[in-house]
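**Student:** These are the residues of each chain, in order.
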Amino acid sequence: MNSSQLFGITTLSYLLSSIFYAALLIFKSKKAGRLGLWAAIFGVVLQTIALGLRWYESYQIGIGHAPLTNMYESLVFFAWCTTLFYIFIELRYKASVIGAFVMPFSVAAMAYASFASRVNQEISPLVPALQSNWLLAHVITCFIGYGAFAVAGGLGIMYLIKARSTSTDPDSMAASLPELRVLDDLTHKTIIFGFMWLSAGIITGAVWANEAWGTYWSWDPKETWSIITWFIYALTLHARFTRGWSGKRIAWLAILGFASVFFTYFGVNFLLAGLHSYGSS
Amino acid sequence: MTTKKKNPVWAFFASVKLALFLLFILAATSIIGTVIEQNKPFSQYVREYGQSTAELFQKLHFTDMYNSWWFLSLLGLFAINLIVCSLERIPNVIRVIKKDNLRIDPDRIAKMGIRKTVHLSCSLDEAVTSVRKFLEKKGWKTSMRVKKDSVLLFAQKGAWTRFGVYIVHLSILVILFGAVIGSPTFAKKILHKPKFAFKGSIMIPESRATDYIYSLSERGKKIDLGFAVRCNLFTIEYYSNGMPKTYLSKVSVLENGKPVVLKNGSTEWNLEVNKPLTYRGITFYQASYQPYPDFLSILRKKGTEGQETKIISGGQQIKTPFANISFGIINQKVRGEAVQQLKIWFGGDGAQPSVFWIGNGQKAIIKRPSGEYELIVKQLYATGLQVTKDPGVWFVYIGCGMMLLGLYVAFFLSHRKIYALIRADKDAGTTVLFAGSAHKNKLGFEKIFSRLVKEFEDKQQK
Ligand code: HEM
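Read top to bottom, the protein sequences are chains A and B.
In terms of the numbering used here, the first sequence opens at residue 93 and continues consecutively.
In terms of the numbering used here, the second sequence opens at residue 7 and continues consecutively.
It is possible that part of the hints are untrue.
To be verified - Stretch by stretch, here's where chain B covers chain A in the computed footprint (C-beta under 8 Å, at least three residues):
id	region
1	303 to 315
2	327 to 337
As the list claims (entries may be wrong) - Cross-link-like lysine-lysine pairs, in silico, DSS-like; alpha carbons within 27 Å at most:
id	chain 1	residue 1	chain 2	residue 2
3	B	K143	A	K314
4	B	K446	A	K340
5	B	K308	A	K186
6	A	K314	B	K281
7	A	K340	B	K143
8	B	K143	B	K448
9	A	K281	B	K143
Honestly, the hints are just simulated from the structure, not real lab data.
Heads up, the beta-carbon is just placed ideally off N, CA and C, and yes, glycines get one too.
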């Protein structure tokens with residue numbers, strides 16, 4: 093058994109978990125909800141082992157570094173953070189339908205990591221610039237933040253669906269979602285948590301850049317997008333703290349914020365880089 | 007709140023609406039510089055976007071937008087907004103913290119959201135003592151006031167956490183301050199001391215030293231370091247798949263031509279990516295390298311002190327100070343730009359010359375009639391160093407630390423208060439009304455509060 097096979101099974105568990113949660117949402121089957129949770133827990137435990145194994149494998153081939161250094165590894169780590177954070181939320185706040193809106197993010201990340209041709213799955217050695225503990229701290233803090241923001245985005249979508257539904261039918265899909273008040277509060281708490289980690293992520297990234305190149309901030313597109321994301325969430329928090337925004341507006345901001353996270357992560361690599369390479373060729 | 011009339015400019019900058027607006031504008035305009043490549047030659051913009059658009063970009067400073075007057079002004083407004091807004095509110099926070107909480111009307115305590123009544127069979131005085139002792143033991147330092155028909159105890163924790171937000175706001179200012187102090191533009195244009203903060207780079211061939219670097223912001227301009235840096239050796243290590251593993255420059259710092267002892271206790275520093283060297287506030291980073299067609303030779307004679315370091319080219323014959331010995335490179339095997347193997351001619355001291363192949367940079371031991379020699383010949387490289395003097399970086403780092411600390415305090419800690427209003431009952435016994443409040447995370451505090459009161463009750467029943 094090697095780590096990629098374990099990651100494969102993890103992906104399947106997350107997929108199953110999403111399907112069960114969807115069943116909970118649509119058919120209101122409590123049992124499906126419990127199965128969804130168990131599938132998520134099984135997946136995350138397996139993924140933890142797989143991460144450890146990949147780390148070990150990297151030592152075996154004489155490269156030796158934590159599995160957090162390229163697109164593939166960060167996607168996998170993102171799925172891990174998101175799932176872990178979601179399980180925590182479910183156990184703590186006993187709101188299992190949320191899984192139907194969060195687990196798909198984990199599935200998407202895992203599936204993209206495994207199947208997209210532009211994502212290289214090999215364990216590759218680290219070029220000198222990447223050989224830094226600050227890089228590890230940077231990736232870990234950023235992705236904990238991203239995981240939280242993914243959950244917040246899912247909560248935002250749920251809020252909008254629930255708020256839009258006018259039906260009073262207790263069997264409707266929206267009726268099985270948690271109360272608006274609960275969703276609103278959870279979104280807010282999740283954003284706060286994510287904001288802490290995003291700030292730490294930007295800071296550790298800056299320290300790393302300064303150690304490696306002597307510039308802690310150079311406004312390259314990736315850095316700039318991370319600060320844009322940070323501005324969006326700072327705006328969200330202030331709008332709530334000081335102007336009492338809540339409900340739909342915060343839900344939209346949670347979704348916008350996650351879109352910005354997503355763009356920071358993918359868009360910058362693929363879209364902006366693409367734009368520039370078209371321009372210059 | 008104050009009723010004093012406010013200057014409208016002050017009021018404008020104290021507004022949180024402005025903060026929301028600025029956060030939005032900063033986020034939105036920052037996008038521009040990620041879509042339009044920054045700091046490229048004008049001709050490239052013309053090629054990509056056409057003449058008129060390129061000119062428009064230049065007029066709007068979109069080609070170097072993060073240093074443009076309008077973007078820096080936005081950041082300036084942001085800072086002023088932050089300062090004024092915080093100054094406006096801090097007096098209120100101090101008032102809340104300094105407030106005499108014992109002056110509260112007992113009726114208000116009876117209406118607090120978090121409260122619990124406990125009946126005791128002892129006298130009023132005994133009750134006061136036992137509540138007080140209990141709270142103190144739990145870490146709640148109490149103060150007391152005797153009211154008309156009751157005694158009020160009060161304790162609070164974490165009043166200072168109300169400043170958490172302002173630690174965050176101050177941290178942003180500290181970071182911005184550090185960024186200004188460390189900016190080469192600020193050093194040149196405002197302080198008129200270009201050596202106060204700069205960024206530059208330099209290529210140093212092995213065995214050579216330099217006492218200046220080239221400025222990055224003004225192309226071709228030299229900046230004197232005030233001391234010299236010598237590159238003793240540059241090496242690249244590769245992984246088996248051909249990817250680079252380490253770029254290493256062995257460097258020394260020379261003051262008046264003499265190597266000085268550095269932080270590591272030696273006169274030589276292993277400069278690697280992610281392991282910069284700071285000397286007299288100037289930091290050197292391993293940034294690039296350049297192979298040359300020439301060679302660096304290091305020759306040592308066993309049993310003697312010192313070594314001969316020379317730069318030689320292929321085919322050139324080198325005389326050495328040792329017993330007529332001379333040597334040269336008569337052939338080489340090259341892959342790409344990198345020399346792999348060298349064929350050496352070594353002789354001159356009477357006997358038949360030694361001719362042999364050695365790997366680039368490997369040590370050869372040559373036995374001659376005049377003694378035993380160690381020779382290393384390697385392709386000559388220049389190391390490319392990025393050189394920075396940034397006196398603001400510590401402000402930036404301290405600001406970052408403050409920000410994380412402040413965010414933690416602001417988000418996860420709260421100002422908690424506990425009141426105990428103790429009244430003698432009509433018949434024997436007393437009633438203790440516990441009440442509490444927290445300015446954040448009320449649910450968490452409610453739990454702590456119930457546990458505390460429950461423990462008190464349990465203790466009384468024993
Ligand atoms: C991106 C920059 C900023 C960050 C990261 C930031 C951070 C924060 C944080 C964490 C809070 C905590 C609120 C709470 O726990 O109650 C807060 C509150 C606040 N911020 Fe900011 N802030 C920023 C910019 C600004 C600016 C420019 C202003 C200027 C108007 C401002 C004004 C306020 C105010 C008035 C509060 C509420 C304080 C209170 O509790 O009464 N912030 N800010």
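**Student:** Does each hint hold? Answer for all of them.
**Tutor:** Status of each hint after checking the structure:
1. 303 to 315: Holds: 9 residues of the region 303 to 315 of chain A have a Cβ under 8 Å from chain B.
2. 327 to 337: holds (count 5)
3. K143(B) <-> K314(A): violated (52 Å)
4. K446(B) <-> K340(A): This hinted pair holds, its Cα atoms lying about 23 Å apart.
5. K308(B) <-> K186(A): Roughly 78 Å separates the two Cα atoms, so the pair is violated.
6. K314(A) <-> K281(B): holds (23 Å)
7. K340(A) <-> K143(B): With Cα atoms ~46 Å apart, K340(A) and K143(B) exceed 27 Å; violated.
8. K143(B) <-> K448(B): Distance of about 23 Å is within 27 Å: holds.
9. K281(A) <-> K143(B): This hinted pair is violated, its Cα atoms lying about 33 Å apart.
Hint violations for this structure: numbers 3, 5, 7 and 9, all remaining hints satisfied.
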